[in-house]
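A.B. asks: Sequence:
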Amino acid sequence: MSSETPELVAHKRMISARTVLENRADLRAYPHRHLAIVSQLMAAGEGVTQLLAAVEILDRFGWDLVNVSELTGRQVYAFMRRR
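Counting in the working numbering, the sequence shown runs without a single skipped number right up to 95 at its last residue.
Since the hints were derived computationally from the structure, they do not count as laboratory data. This structure is a prediction, so every number in the text was calculated from the model and none was measured. Certain hints may be false.
Using C-beta positions, here's what the derived DEER-type ranges look like [as the list claims (entries may be wrong)]:
| # | residue 1 | residue 2 | range |
| --- | --- | --- | --- |
| 1 | A48 | R72 | 27 to 35 Å |
| 2 | R25 | A56 | 27 to 35 Å |
| 3 | R40 | R86 | 28 to 36 Å |
| 4 | G57 | H23 | 27 to 35 Å |
| 5 | K24 | D76 | 29 to 37 Å |
| 6 | T61 | T84 | 17 to 25 Å |
| 7 | R95 | A55 | 14 to 22 Å |
| 8 | M26 | M54 | 12 to 20 Å |
Pairs of lysine to aspartate or glutamate, DMTMM-like flavour, derived with a Cα cap of 25 Å [unchecked claim]:
| # | residue 1 | residue 2 |
| --- | --- | --- |
| 9 | K24 | D71 |
| 10 | K24 | E68 |
| 11 | K24 | E82 |
| 12 | K24 | D76 |
| 13 | K24 | E34 |
| 14 | K24 | D38 |
In this text, a Cβ means the ideal position worked out from N, Cα and C, and glycines have one as well.
The whole structure should be built from the sequences, with the hints applied where relevant.
C.D. replies: Below, the structure written as structure tokens:
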């Protein structure tokens, strides 16, 4: 996701792992209970590593991991639920 404004994240209900890891995400005003984090699959499992690091960050802010899934063959998703 190139320009992940709070409005776009709320509309798509998705955010990239990179945005979370770079601390460019403020989800305090996010209006939904569920959110998907997406990461590109890369060599040596780097995409999964980034995804799970983003999951751990959001866990500290009241989000629980519901599921992780590879949906497109190129991307892996973590589905989160706000506590």
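A.B. asks: So, for every hint listed, does it hold in this structure?
C.D. replies: Okay, the hints, checked on the actual structure:
1. Take A48 and R72: their Cβ atoms lie about 18 Å apart, and the range 27 to 35 Å is violated.
2. Checked against the given bound of 27 to 35 Å, the beta carbons of R25 and A56, roughly 29 Å apart, stay inside it.
3. A hinted range of 28 to 36 Å for the beta carbons of R40 and R86 is consistent with their spacing of about 31 Å.
4. In this structure, G57 and H23 meet the distance hint of 27 to 35 Å, their C-beta atoms being roughly 30 Å apart.
5. Checked against the given bound of 29 to 37 Å, the beta carbons of K24 and D76, roughly 20 Å apart, lie outside it.
6. Taken as a hint, the range 17 to 25 Å holds for the pair T61 and T84, whose Cβ atoms sit roughly 19 Å apart.
7. About 34 Å separates the C-beta atoms of R95 and A55, a value inconsistent with the hinted range of 14 to 22 Å.
8. Hint check: M26 to M54, Cβ distance near 18 Å, so the stated range 12 to 20 Å holds.
9. Straight-line distance between C-alpha atoms of K24 and D71 comes to about 20 Å, which keeps the hinted pair within the 25 Å bound.
10. The straight-line distance between the Cα atoms of K24 and E68 is roughly 21 Å, inside the 25 Å bound, and the hint therefore holds.
11. This hinted pair checks out: K24 and E82 have alpha carbons roughly 18 Å apart, not beyond 25 Å.
12. With a C-alpha separation of about 19 Å, the suggested pairing of K24 with D76 holds against the 25 Å cut-off.
13. Proposed proximity of K24 and E34 is supported: the alpha carbons are some 20 Å apart, at most 25 Å.
14. Distance hint between K24 and D38 is fulfilled; the C-alpha atoms sit about 15 Å from each other, no more than 25 Å.
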